[in-house]
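S.K.: Sequence:
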Amino acid sequence: KWMSLMRPIPSSLRLPIPSSQYPFAEGDAMNRNPQQRGSGGTSMAAGNGTNTSEEEEEDEEEEDEAPDSAKATLLEATARMAAGDSVHNLHERELDRQVWSHYSNQPNPNIFGNLFIAEDGGFSEVEDLWYKSRWITALLTIGFIVSNIYFIISVDFNILAGRPASGEVDDTTRTMYLVTSPISTSIFTSGRHSDDMIAFFELCGLTVLISSAVHQLCVAKAAKSERKKWFALERLFWQIVPQLSSYSSMRLLHHVSPTVFLSTLSTHVSETASQDTTDAIKGWVKMIVFHLFCLVVGFDSFLVKIRAAYSSINEKNLTWSNLYGAAVFMVQVLGVVRLGTFVQQRLFVFIFAGEDAVMQPHEKAKQHVWNALLVRKIKQTFPLPKFFAMMLSFDDTDFQRLVLNERKRDPGESGRAARKKDPFEDDSGWSNWC
Numbered sequence: 001k002w003m004s005l006m007r008p009i010p011s012s013l014r015l016p017i018p019s020s021q022y023p024f025a026e027g028d029a030m031n032r033n034p035q036q037r038g039s040g041g042t043s044m045a046a047g048n049g050t051n052t053s054e055e056e057e058e059d060e061e062e063e064d065e066a067p068d069s070a071k072a073t074l075l076e077a078t079a080r081m082a083a084g085d086s087v088h089n090l091h092e093r094e095l096d097r098q099v100w101s102h103y104s105n106q107p108n109p110n111i112f113g114n115l116f117i118a119e120d121g122g123f124s125e126v127e128d129l130w131y132k133s134r135w136i137t138a139l140l141t142i143g144f145i146v147s148n149i150y151f152i153i154s155v156d157f158n159i160l161a162g163r164p165a166s167g168e169v170d171d172t173t174r175t176m177y178l179v180t181s182p183i184s185t186s187i188f189t190s191g192r193h194s195d196d197m198i199a200f201f202e203l204c205g206l207t208v209l210i211s212s213a214v215h216q217l218c219v220a221k222a223a224k225s226e227r228k229k230w231f232a233l234e235r236l237f238w239q240i241v242p243q244l245s246s247y248s249s250m251r252l253l254h255h256v257s258p259t260v261f262l263s264t265l266s267t268h269v270s271e272t273a274s275q276d277t278t279d280a281i282k283g284w285v286k287m288i289v290f291h292l293f294c295l296v297v298g299f300d301s302f303l304v305k306i307r308a309a310y311s312s313i314n315e316k317n318l319t320w321s322n323l324y325g326a327a328v329f330m331v332q333v334l335g336v337v338r339l340g341t342f343v344q345q346r347l348f349v350f351i352f353a354g355e356d357a358v359m360q361p362h363e364k365a366k367q368h369v370w371n372a373l374l375v376r377k378i379k380q381t382f383p384l385p386k387f388f389a390m391m392l393s394f395d396d397t398d399f400q401r402l403v404l405n406e407r408k409r410d411p412g413e414s415g416r417a418a419r420k421k422d423p424f425e426d427d428s429g430w431s432n433w434c
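Positions 1 to 434 (our numbering) are the ones given, in order, by the sequence shown.
Derived by calculation from the structure, the hints in this document are not laboratory data.
Among these hints, one or two may not hold up.
As the list claims (entries may be wrong) - Per label pair, the in silico range of CB-to-CB distance: (1) Ser-225 <-> Thr-319: 44 to 54 Å; (2) Lys-224 <-> Val-296: 42 to 52 Å; (3) Ser-263 <-> Ser-212: 21 to 31 Å; (4) Tyr-150 <-> Ile-306: 31 to 41 Å; (5) Thr-341 <-> Val-214: 20 to 30 Å; (6) Tyr-150 <-> Ser-104: 32 to 42 Å; (7) His-102 <-> Ile-288: 41 to 51 Å; (8) Val-214 <-> Lys-286: 21 to 31 Å; (9) Gly-340 <-> Leu-384: 22 to 32 Å; (10) Val-296 <-> Phe-112: 23 to 33 Å; (11) Ser-124 <-> Ala-223: 35 to 45 Å; (12) Asp-279 <-> Arg-346: 48 to 58 Å; (13) Asn-114 <-> Lys-228: 36 to 46 Å; (14) Ala-280 <-> Val-146: 22 to 32 Å.
What the hints assert, rightly or not - Taking lysine-lysine pairs in the DSBU-like style, the calculated list, with each CA pair at most 35 Å apart, reads: (15) Lys-132 <-> Lys-229; (16) Lys-379 <-> Lys-286; (17) Lys-132 <-> Lys-286; (18) Lys-228 <-> Lys-286; (19) Lys-316 <-> Lys-224.
The structure presented is a predicted model; accordingly, all values stated were derived computationally and were not measured.
Think of the CB as a built atom: it goes at the ideal place given N, C-alpha and C, for glycine as much as any other residue.
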């Protein structure tokens with residue numbers, strides 16, 4: 001009942017696994033008793049699809065039953081595979097049944113009992129994070145930064161120079177509407193167009209980002225304080241560089257995307273609940289004004305960008321120039337919602353904010369210090385080229401691998417081995433082929 005409510009994909013839609021990947025020896029299914037072999041041949045001739053109603057009947061019959069032994073479980077699995085059930089579907093259903101029978105009768109099931117936050121902050125496992133594909137990720141990041149900066153500068157300078165952003169002589173996009181047109185006409189001279197303000201605003205933001213990157217690099221190079229050095233490198237690689245790879249004025253829309261806005265609103269409500277009335281009102285006014293600014297300017301930026309990319313998109317012939325313009329525009333659109341930054345921030349809240357899920361000032365300080373200490377540990381562990389590759393490719397998956405551990409099960413067993421061990425292998429025998 002409860003598993004069916006949370007099952008996202010009907011089992012009949014799952015792709016079957018080739019027979020070469022079955023976790024049993026070839027011909028194993030045919031070595032069973034004749035009754036199983038006969039039913040298996042009929043169903044296999046019909047195909048690998050599964051019948052949802054048959055699955056539901058099986059689940060009802062076996063709802064509270066667990067296999068008597070590993071052998072009985074394997075026999076049942078073999079029979080079901082011979083009947084055409086896919087390995088993926090079988091594996092999921094059987095594991096669900098095993099875990100359900102283990103925890104369902106407990107009033108307060110301790111499902112997370114074997115998980116704990118690393119007492120050493122995860123620093124002892126930094127050396128395990130390296131793998132060769134990080135070189136590719138680092139090179140791609142650098143390529144995205146260079147191409148994105150070039151595209152922004154070329155498009156915005158065309159606009160400010162009075163040339164069509166798309167490069168077409170008969171381009172009419174500069175006379176099209178923008179929400180900020182009344183504001184831009186009051187700021188610029190009568191000879192300017194409404195998209196000049198968007199281009200100017202975007203170039204200013206890019207200049208600030210590049211200047212900040214250079215400043216943090218200089219601080220890290222010249223700082224005598226260890227704290228300033230590692231804080232500067234942390235801000236450079238994990239705050240500024242990710243923004244440069246897909247920066248555009250459209251990224252203001254990140255703050256008004258539904259998921260991000262609702263998360264920000266929930267956090268703001270929690271933070272203002274403990275403030276006095278005056279501070280709370282100021283906070284709400286700032287929040288409303290900021291998000292209105294992001295919505296209006298971000299929307300106009302989207303209009304300018306899509307009109308600038310129009311000549312690259314609406315072409316019959318495929319050229320490198322057209323492909324480049326369309327590809328950079330696509331990357332900028334995909335970067336509107338900074339998914340990696342958002343996910344990482346949620347992980348930081350999960351680890352550092354505690355039960356109330358609200359980051360207090362001292363908790364934010366702990367997060368910043370942990371990041372800086374991690375940068376220092378990476379620098380101490382790897383040579384300079386690998387250090388840069390690690391910093392450019394570090395993501396939320398690495399963070400989770402460092403911070404979360406599983407408890408040791410046997411004396412002398414390492415944390416890495418404990419993570420690989422199946423907590424139900426003694427009961428079900430499924431770990432022999434999982």
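S.K.: Compare the structure with each hint and give your call.
M.R.: Each hint tested on the structure:
1. The hinted range of 44 to 54 Å is satisfied by Ser-225 and Thr-319, whose Cβ atoms lie roughly 52 Å apart.
2. One distance hint, 42 to 52 Å for the beta-carbon pair Lys-224 and Val-296, holds here, with the actual separation near 45 Å.
3. Judged by the Cβ atoms, the range 21 to 31 Å given for Ser-263 and Ser-212 holds: they are separated by roughly 25 Å.
4. Hint check: Tyr-150 to Ile-306, Cβ distance near 19 Å, so the stated range 31 to 41 Å is violated.
5. Take Thr-341 and Val-214: their Cβ atoms lie about 21 Å apart, and the range 20 to 30 Å holds.
6. Evaluation of the 32 to 42 Å hint for Tyr-150 and Ser-104 yields a failure: the beta carbon distance comes to about 58 Å.
7. Separation of His-102 from Ile-288 is about 50 Å and conforms to the stated range, judged on CB atoms against 41 to 51 Å.
8. Hint check: Val-214 to Lys-286, Cβ distance near 30 Å, so the stated range 21 to 31 Å holds.
9. Checked against the given bound of 22 to 32 Å, the beta carbons of Gly-340 and Leu-384, roughly 24 Å apart, stay inside it.
10. As the Cβ distance of Val-296 to Phe-112 is approximately 44 Å, the hint placing it in 23 to 33 Å is violated.
11. For Ser-124 and Ala-223, the hinted distance range of 35 to 45 Å is not satisfied, since their beta carbons lie about 27 Å from each other.
12. At about 26 Å, the beta-carbon gap between Asp-279 and Arg-346 misses the expected band of 48 to 58 Å.
13. Here the CB-CB span from Asn-114 to Lys-228 is close to 40 Å, well matched to the stated 36 to 46 Å.
14. Taking the beta carbon of each, Ala-280 and Val-146 are about 45 Å apart, not inside 22 to 32 Å as hinted.
15. Only pairs whose Cα atoms come within 35 Å are accepted, and Lys-132 paired with Lys-229 is accepted, the gap being roughly 27 Å.
16. The suggested pairing of Lys-379 with Lys-286 is violated, with an alpha-carbon distance near 39 Å, which exceeds 35 Å.
17. A hinted pair counts as satisfied when its Cα atoms are at most 35 Å apart, and Lys-132 with Lys-286 does not qualify at roughly 45 Å.
18. Of the supplied pair hints, the one linking Lys-228 and Lys-286 holds, its CA atoms being roughly 30 Å apart against a limit of 35 Å.
19. Between Lys-316 and Lys-224 the alpha-carbon distance is near 58 Å, which puts this suggested pair outside the 35 Å criterion.
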